[in-house]
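*Asks:* Chains A and B, in that order, give the protein sequences.
So the mapping is simple: this note's numbering equals the position in the first sequence, first residue as 1, plus 902.
So the mapping is simple: this note's numbering equals the position in the second sequence, first residue as 1, plus 12.
Misleading hints may appear alongside valid ones.
Claimed, not checked - Label pairs and their in silico Cβ distance ranges:
#, chain 1, residue 1, chain 2, residue 2, range
1, A, Q959, B, S89, 37 to 47 Å
2, A, P942, B, L23, 17 to 27 Å
3, B, S89, A, K980, 35 to 45 Å
4, B, N111, A, S909, 43 to 53 Å
5, B, K91, A, E919, 25 to 35 Å
6, A, R965, B, G66, 36 to 46 Å
7, B, S29, A, Q958, 51 to 61 Å
8, A, P942, B, W19, 15 to 25 Å
9, A, K957, B, S41, 23 to 33 Å
10, B, W19, A, T1000, 21 to 31 Å
11, A, A974, B, V24, 38 to 48 Å
12, B, H17, A, P942, 32 to 42 Å
13, A, E919, B, S69, 40 to 50 Å
Said to hold, decoys possible - These stretches of chain A come out as covered by chain B in the derived footprint (C-beta under 8 Å, 3 or more residues):
#, region
14, 946-952
15, 999-1005
The set of hints was computed from the structure by calculation and includes no laboratory data.
We put the beta carbon where it would ideally sit given N, CA and C, even for glycine.
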Amino acid sequence: AQTVTQSQPEMSVQEAETVTLSCTYDTSENNYYLFWYKQPPSRQMILVIRQEAYKQQNATENRFSVNFQKAAKSFSLKISDSQLGDTAMYFCAFINNTPLVFGKGTRLSVIA
Amino acid sequence: SQTIHQWPATLVQPVGSPLSLECTVEGTSNPNLYWYRQAAGRGLQLLFYSVGIGQISSEVPQNLSASRPQDRQFILSSKKLLLSDSGFYLCAWSVVQINEQFFGPGTRLTVL
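I would like the entire structure built from these sequences, with the hints used as guidance.
*Replies:* Okay, structure coming up:
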């Protein structure tokens, strides 16, 4: 069974600084997708970024980028120029041919 | 564009009472639909998913049930609520199972 592990329950970062959230996963599949979701205090789940496993190039979306290491089964999220609005729970998720598998989340606090 | 609606937004129910949460999707046809539950400060637990009308897969045995009476309507029900049913319920949709899921605004359920 696929599993997703987020080893950092909580993190904090100063406004305008850069922070990296870690995610590792376990699968025997070769083709799959990985996602980072953001859940702000409103609790709406918002897709931040996605990565297809067959693509070697790391996905980027404005201030958000990933470091995808397929051999190591690692998928970290880097947030540059952190803003107060980035304060949220961040969930890493994996999908192959089964419904999404989520990690337990990392609570990120951006401090002014 | 596609939108997903959930109602009610907030619900307080006594133990033993019935439950009906509704989710509808607009702007797409034959979506895959999902129900998740999120306990306070924790990750997402997949409850049910559906790939078509009348097709429901249950991930966790419990006193909840789901139905899909129409293509873009997904209902979560219970005949008798338990205290442990309290939580935040999220509905999501995707085009095909392999792609990212898009979430509704959620329903906060408190069972007293």
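*Asks:* Each hint should be assessed against the structure and marked as holding or not.
*Replies:* Hint check:
Distance hint for Q959/A and S89/B: a CB-CB separation of about 45 Å, consistent with the stated range 37 to 47 Å. At about 21 Å, the CB distance of P942/A to L23/B agrees with the hint of 17 to 27 Å. For the pair S89/B and K980/A, the supplied restraint of 35 to 45 Å holds, since their beta-carbon distance comes to about 42 Å. Restraint check, N111/B to S909/A: a C-beta distance of roughly 27 Å breaks the suggested window 43 to 53 Å.
Range check, K91/B to E919/A: about 51 Å between beta-carbon atoms, so the 25 to 35 Å window is missed. Under the hint 36 to 46 Å, the C-beta atoms of R965/A and G66/B, about 43 Å apart, fit the expected range. Against the hinted window of 51 to 61 Å, the Cβ-Cβ separation of S29/B and Q958/A comes to about 53 Å, which satisfies the hint. As the Cβ distance of P942/A to W19/B is approximately 21 Å, the hint placing it in 15 to 25 Å holds.
The hinted range of 23 to 33 Å is satisfied by K957/A and S41/B, whose Cβ atoms lie roughly 28 Å apart. Look at W19/B against T1000/A: about 29 Å separates their beta carbons, and that is inside 21 to 31 Å. Our hint of 38 to 48 Å for A974/A and V24/B holds, since their Cβ atoms are close to 46 Å apart. Between H17/B and P942/A the Cβ separation comes to about 19 Å, which falls outside the hinted range of 32 to 42 Å.
The given range of 40 to 50 Å is respected by E919/A and S69/B, whose C-beta atoms sit roughly 43 Å from each other. Check result for the region 946-952 of chain A against chain B: holds, 5 residues qualifying (beta carbon to beta carbon below 8 Å, three or more required). Restraint check on the region 999-1005 of chain A versus chain B: 6 residues with Cβ-Cβ distances below 8 Å, three needed, restraint holds.
Checked against the numbered hints above, the structure violates hints 4, 5 and 12; every other hint is satisfied.
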